[in-house]
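K.L.:
Sequence:
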Amino acid sequence: MSKTLIIIPSRLSASRLPGKPLLKINGIPLILHVVNKAVSTEIGRVVVATEDSEIFDVIKKSGNEAVMTGSYHKTGTDRIYEAYKKLKLDKTKYIINLQGDEPLIDPNDIINLNNLIIKNNLDIGTMAIKFKKKIFIENENVVKVITNEGLKKNKISIANNFLRHVYSKNTKNLYQHMGIYQFKVSTLEKFVKLPQSVNEKKNKLEQLRALDNNININVALAETNSMGVDTKEDFLAIKKIMEYNKL
Numbered sequence: 029m030s031k032t033l034i035i036i037p038s039r040l041s042a043s044r045l046p047g048k049p050l051l052k053i054n055g056i057p058l059i060l061h062v063v064n065k066a067v068s069t070e071i072g073r074v075v076v077a078t079e080d081s082e083i084f085d086v087i088k089k090s091g092n093e094a095v096m097t098g099s100y101h102k103t104g105t106d107r108i109y110e111a112y113k114k115l116k117l118d119k120t121k122y123i124i125n126l127q128g129d130e131p132l133i134d135p136n137d138i139i140n141l142n143n144l145i146i147k148n149n150l151d152i153g154t155m156a157i158k159f160k161k162k163i164f165i166e167n168e169n170v171v172k173v174i175t176n177e178g179l180k181k182n183k184i185s186i187a188n189n190f191l192r193h194v195y196s197k198n199t200k201n202l203y204q205h206m207g208i209y210q211f212k213v214s215t216l217e218k219f220v221k222l223p224q225s226v227n228e229k230k231n232k233l234e235q236l237r238a239l240d241n242n243i244n245i246n247v248a249l250a251e252t253n254s255m256g257v258d259t260k261e262d263f264l265a266i267k268k269i270m271e272y273n274k275l
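All you need for our numbering is the position in the sequence shown, starting with 1, plus 28.
Please keep in mind that the hints were generated in silico from the structure rather than gathered at the bench.
Be aware that one or more of the hints could be misleading.
[Unchecked claim] Distance windows between CB atoms, simulated:
{"#": "1", "residue 1": "K180", "residue 2": "N64", "range": "21 to 31 angstroms"}
{"#": "2", "residue 1": "P46", "residue 2": "N149", "range": "39 to 49 angstroms"}
{"#": "3", "residue 1": "E166", "residue 2": "K52", "range": "46 to 56 angstroms"}
{"#": "4", "residue 1": "N64", "residue 2": "K162", "range": "30 to 40 angstroms"}
{"#": "5", "residue 1": "E82", "residue 2": "K181", "range": "15 to 25 angstroms"}
{"#": "6", "residue 1": "Y195", "residue 2": "N253", "range": "20 to 30 angstroms"}
{"#": "7", "residue 1": "N143", "residue 2": "Y195", "range": "29 to 39 angstroms"}
Bear in mind that the values here come from a model prediction, so they are computed numbers and not experimental data.
The beta-carbon is built from N, C-alpha and C at its ideal position, and this holds for glycine as well.
Please model the complete structure; the sequences and the hints are all you need to start from.
P.N.:
Below is the structure:
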């Protein structure tokens, strides 16, 4: 049995682009593109955690697995923890929280993160990429991470901060954050019991809850460029890429 479980939190009521999980690219809902990428890693079981019956039905009809969760969760990480508890998979050692709005994520990057986290016995891991365009640095919808040292292939660095706005011209060790986290189950249990921090609420970045409570987040370099769908413009840009490349 695999040590790792992949859970994808998804809901229809996204503030900037309502209904985005079910928007279609090449005839397939956005959320299913992400599910298919996760399944192809063969890391372990893949489950969508949602409060919406429409998403639940789409996932189940596709032959994949979904769990209904409460509508009261403030973050996706809180949602995946409820799903994990409902699944009663006591032998699971690691849980990957894979955001349901990154259809361009490379399965190999997910595999590499899993290998690095397990090999180094780390509590929390995530991934980042080098900025391809300066405009992404200026876009507040693109989350950035500052690491303690430059990211290199197959090497782990530590996150010093996550931010939306960059006020300094010094962009040393500044990277574009990707929507994926891997937790030790014991660390996830600790994380969800912590109250939301002031920084977390102010910046709407749940990962700051960990940093504000002295829990390290380790960062690995992704080899393939990816971007999340936060706005209609994001969706149209990704749709164009995926249609052109027949993804």
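K.L.:
If any of the earlier hints don't hold here, list their numbers in rising order.
P.N.:
3 and 5
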